[in-house]
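Novice: Spelled out from the first residue to the last, the chains are:
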Amino acid sequence: MDFFQLLSDVEKADPEFLDRINPRRRVFKYLGDAGQKITAAAVPAVLASFFNRAYGQSTLTAPVQAVLTLALQLEYLEYHFYNTALSINGLVPSQEVAAITTIRNDEAGHINALRGVLGSSAPSYLFTDFDYSGGSGSGNGPMKNALIPGADGNVNGALFFAAGQAFSDTGQRAYKGGAPVLNTTATKDILEAALNIHSVEARHNSHFRTVRRAIAANSLGSAGAPAVAPYNTAPKSWISQIDNGGPIAPDGSKPASKVYGPGNPPTGAPDASYPGEDNVSQAGVDLTTKLSTAYTPAAVSEAFDEPLDGPTVKTIATMFTSAAGKAKGLFV
Amino acid sequence: MPTHFPSEPQLREAELDKPLYAPIKRRSFFMYAGATAGATALVLAGCSKSDSSPGTIDVGSGDAGILNYAYALEQLEAAFYAQIKTGGYYMGLAPGSAEKQIFDDLALHEAIHRDFLKAALQANSITPLKDLTPNFSSINFGNRDQVLSAAQTFEDTGVAAYNGAGRFLSNNANLALAGKIVSVEARHAALIRDLRSYNSFVANDVVNTFTPTNTAVTANYLGEGTPNSTPNTQGNGNPGPGQERSKRPPQILQAVNNFLADGSKLSANSFM
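Quick note, the sequences are listed as chains B and A, same order.
In case it helps, the numbering used here puts the first sequence at residues 154 to 485.
In case it helps, the numbering used here puts the second sequence at residues 4 to 275.
These are computed hints drawn from the structure, not numbers from a lab.
One or more hints might be untrue.
Among the chain B residues that face chain A by a calculated CB cut under 10 Å, a handful are [claimed, not checked]:
#1 E260
#2 I264
#3 I392
#4 I401
#5 D404
#6 K407
#7 L444
#8 T468
Nothing here was measured: the structure is a model prediction, and the numbers come from that model.
For every residue, glycine included, the Cβ atom is placed at its ideal position computed from N, Cα and C.
Isolated chain A (complex conformation):
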């Protein structure tokens, strides 16, 4: 079967970095960081918070690490929508209603993303992350507001995560695949937000909103105006104007770990 998934030399190197399944002990963690990412990463990783949070599974490094990171996020989303479909809120939806259509589609889309990423990882001899055990105990699946609120969190987080991870991909085939997925997550996020609060498909919590001036119809508009947050390039949620508030993997995983059981919590120490 032909595949266009990673086969470049830098990925062969990445393939050697199997995800760590065992809880990370301090000493082996340093060996790992030092061996894979060089002295600079060692210094950075040594300063990171997750160093002092034992028991996390690291997603790995290089393109393989980002693909497994994406696989982890899709596992969580797919599990969430699968559980929605067994809960009281979904079961009470009328056949043919918009919300039933929407959650049927979302469950399919996320399951397809999950299964595709696993197959792609395997096709390229990258060991997929283990099956993660979610922890949705904070969500009442019988309650519409709680289900929609959690769905918004997962979708918005997914968009910020893919956008913040793209820069770590060396292989453009992988970047292209991530791009095909992230815009669908953004479509989901926008619709869930509109269902919860109409016209909130874009808002300042997820996009650095911008207030333009010089907007007369006849004006030669040159970008005049002011962004809500002062932009920087650190990937900490303060992007340029009108842009999604992308976030780096460690920041994303801090939030995501709240929905993962002990033994399934994740770190991404190679992607600061």
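For reference, chain B alone in the conformation it holds in the complex:
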């Protein structure tokens, strides 16, 4: 098979082919990078990867498209929250502006990547499509002070960081739940991209938790404040059981409790069940009794994060959808 002849034939049939696979025509640079690895046996795989890049959006199966679309919606939820926070004077403490900028930029990159796979027909969402009060469009939910500098519960951005923790934990659990759907021969590259986004969400979450410990200890700008049980306000950088329901809102409610609870179904095979974050049983084995008596339920639960199913993720995220967002089908 003459690979270059084939590319040339494809371009004759579809003059925009090379632009489609890479607008800046870096395809030959790409080929150069890959050149060392191209053997006769590998050529079909390289071709397949080009065709995925060029036409992938039209060949995604419905389940893959659904997982990626939900992921994109969650990325917009996070992006607009952090991007807007950066524009509000006095909301993000000066010690954390760099961190929130980093996180905002990562979410922007995730939107870029997901739109690249889903294609230009992928939905997009505006800041006004979200209700960051957690009021399902009422604007009067328990998190309504999260974007108001110094408001009740939000001194030093405490409520803002609590929301960031809840959003990024929802994200990491959602990506975890979606990964098995992406594990098909045709979508291995998409799977790896999703895994690479998933761990970045976990890094963000770790930092949000570190900031919340610092706020509780009045030591902003340092990672040196200890966690304080029962972890609602000064959590560990990992989820310990269900963190006692997570952050507490000014009205006394725990608006993120579902983020740490079970999905549906809560028990079953690892790729088809969604236990709460206090789960101590992996692959059917209770790790608190079968391995070592030193492995407490807290330690075992911390050592594993749990996936969430799409419908449960949407139930959580719908609290943060405005009427405009609902009209666009956001988290429906």
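Mind docking chain A on chain B? Use the hints.
Specialist: Then chain A, alone, in the frame of chain B:
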């Protein structure tokens, strides 16, 4: 005892590929590669560098190979944190201090990962890799900077390793389990990095950072911006924008072998 660990047909095939414990001789290595992965893998493996590095233990192929690869990484991490707890830096930490809390937790988490993976391998009739002998002689366990620096290396490496290995898993139960572990490793990595240098929980050495444009609050943002590195899909550390720099097992093991004693060094010739 019920288990949801691999029982699918493709794993039965993988179970036959016991990890190689003996140093790999050139001829038996080719037989192994040819028998398990077909002609294409034979060509690729024949070109690989580790072919000329005798004395490595190969992690095997298929899901069993990736699970043993994960088990090897967790063995190393668990041994590292266990040794920290006997060293001068940890012994000098005040009770109740953040760093004591953190290293107590990390030692537990990694030991749980190690023991869980071993039990899961055994439950599915896959022979676990032998107990590896680490070599931490390059680390001064009395020195905070050295301990934190090494911890960052192990955690960042673990994240890049799990992310780069996921695509080789056929059984989604195994993929789900790997996903449950890797995000905890990412939490560890981010915190250790913040302890060393505040706000470095994400940085360009581990994530392909992205600089967006069109970030006005009212804008209809469509992903405009530029990644730091040009992305490709080769798993060589240049992922898409805002993504972890995942790496394939052979690339990971090159770094990991620096912390393993002779006789415990690893290869992963089935996972290019």
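Novice: Taking the hints in turn, state whether each one holds.
Specialist: To see whether the hints hold, each was checked on the structure:
1. Contact between E260 of chain B and chain A, as hinted, is supported at the beta carbon level, the nearest pair being about 7 Å apart and thus within 10 Å.
2. With its C-beta approaching chain A no nearer than about 5 Å, I264 of chain B sits inside the 10 Å limit, and its interface hint holds.
3. Interface restraint check for I392 of chain B: the shortest CB-CB distance to chain A comes to about 8 Å, inside 10 Å, so the restraint holds.
4. A hinted interface residue such as I401 of chain B counts as satisfied when its beta carbon comes closer than 10 Å to some beta carbon of chain A; here the least separation is about 22 Å, so the hint is violated.
5. Interface hint status for D404 of chain B: violated, as the beta-carbon distance to the closest one in chain A is roughly 27 Å, over 10 Å.
6. For K407 of chain B, the interface hint is violated, since its Cβ never comes within 10 Å of a Cβ in chain A; the closest pair sits about 21 Å apart.
7. At a threshold of 10 Å, the smallest CB-CB gap from L444 of chain B to chain A is about 4 Å, leaving the interface hint in force.
8. With a least beta-carbon distance of about 21 Å to chain A, the hint placing T468 of chain B at the interface is violated under the 10 Å criterion.
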